[in-house]
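Engineer: So you can see what is in the structure, the chains are spelled out below.
2 protein chains.
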Amino acid sequence: MKYSPINFKEKFTKFSECFSPKIIARMNDVHFKLGKFQGNFVWHSHEDTDEVFIVFEGTMRIDFRDGSVDLKAGEMFVVPKSVHHKPFAEKECKIMLVEPAGTINTGNSGGDLTAEDNVWI
Amino acid sequence: MKYSPINFKEKFTKFSECFSPKIIARMNDVHFKLGKFQGNFVWHSHEDTDEVFIVFEGTMRIDFRDGSVDLKAGEMFVVPKSVHHKPFAEKECKIMLVEPAGTINTGNSGGDLTAEDNVWI
Numbered sequence: 081m082k083y084s085p086i087n088f089k090e091k092f093t094k095f096s097e098c099f100s101p102k103i104i105a106r107m108n109d110v111h112f113k114l115g116k117f118q119g120n121f122v123w124h125s126h127e128d129t130d131e132v133f134i135v136f137e138g139t140m141r142i143d144f145r146d147g148s149v150d151l152k153a154g155e156m157f158v159v160p161k162s163v164h165h166k167p168f169a170e171k172e173c174k175i176m177l178v179e180p181a182g183t184i185n186t187g188n189s190g191g192d193l194t195a196e197d198n199v200w201i
Numbered sequence: 081m082k083y084s085p086i087n088f089k090e091k092f093t094k095f096s097e098c099f100s101p102k103i104i105a106r107m108n109d110v111h112f113k114l115g116k117f118q119g120n121f122v123w124h125s126h127e128d129t130d131e132v133f134i135v136f137e138g139t140m141r142i143d144f145r146d147g148s149v150d151l152k153a154g155e156m157f158v159v160p161k162s163v164h165h166k167p168f169a170e171k172e173c174k175i176m177l178v179e180p181a182g183t184i185n186t187g188n189s190g191g192d193l194t195a196e197d198n199v200w201i
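The listed protein sequences correspond, in order, to chains A and B. Just so we're aligned, residue 81 is where the first sequence starts under our numbering, counting upward by one. Just so we're aligned, residue 81 is where the second sequence starts under our numbering, counting upward by one.
Rather than coming from a laboratory, the hints here were simulated on the basis of the structure. Glycine included, every Cβ here is placed at the ideal spot set by N, Cα and C. Possibly wrong hints are sitting among the right ones.
[Claimed, not checked] In the BS3-like style, the derived pairs of lysine-lysine whose C-alpha atoms are separated by at most 30 Å in a straight line are:
(1) B:K94 / A:K94
(2) A:K152 / A:K174
(3) B:K161 / A:K171
(4) B:K94 / A:K152
(5) A:K82 / B:K94
(6) B:K116 / A:K89
(7) A:K166 / B:K116
(8) A:K161 / B:K171
(9) A:K174 / B:K89
(10) B:K116 / A:K174
(11) A:K82 / B:K171
(12) B:K166 / A:K116
(13) A:K152 / B:K171
(14) B:K116 / A:K82
[Unchecked claim] Here are some chain A residues the structure puts well away from chain B; computed CB gaps all over 12 Å:
(15) S84
(16) D197
(17) N198
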């Protein structure tokens with residue numbers, strides 16, 4: 081039997097909206113989500129979990145209260161639990177988030193950019 | 081303050097041995113490990129956890145008792161908990177593993193290819 085791999089490029093063709101990560105895989109209680117980021121996201125934090133950003137295409141920045149990190153394709157960053165952060169991308173940036181199932185994109189901030197947290201593609 | 085991203089290419093320059101994954105990041109209790117695979121690994125399973133393979137460069141195959149999956153750069157696969165598998169790469173393949181801290185590369189099989197499970201680069 082031939083099993084099928086998960087192909088990132090193919091998965092990115094399945095959605096277009098920004099700041100609305102889609103689940104592509106699960107490892108134990110951890111979700112792997114693809115996202116397209118463009119513009120300013122909201123300041124927020126996740127009180128119960130670290131959050132991993134992996135950039136596949138483009139560039140983005142994550143602002144913190146005391147600084148920032150610039151990320152480009154082939155780079156990752158772990159935002160520690162409870163650290164306030166605000167993602168930003170001038171142009172569309174394709175990323176993968178790795179975080180526990182049920183993690184809400186806007187953390188404890190809520191608002192219009194809050195996305196469904198359980199959409200598989 | 082400028083925080084530093086984790087750059088995969090730069091991290092891959094820091095080791096050369098095959099089948100000896102090195103830790104580059106931690107999210108909660110999950111380790112992100114880079115590995116260089118070439119040749120046949122051993123049949124094994126992980127009784128307590130799923131295991132994620134993400135291919136950055138090259139190609140590899142994972143054999144199962146009932147089939148196989150071919151992976152190339154830009155693809156991932158989740159090997160379910162307790163499923164016997166044997167990674168293989170004809171030429172050097174650069175990958176990232178995502179799995180709980182403490183996961184042993186040879187699972188419950190042991191043997192000469194068992195690597196240290198706690199080496200950071």
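Engineer: Checked against the structure, which of the hints given earlier come out wrong?
Structural biologist: Structure breaks hints 1, 3, 5, 7, 8, 12 and 15.
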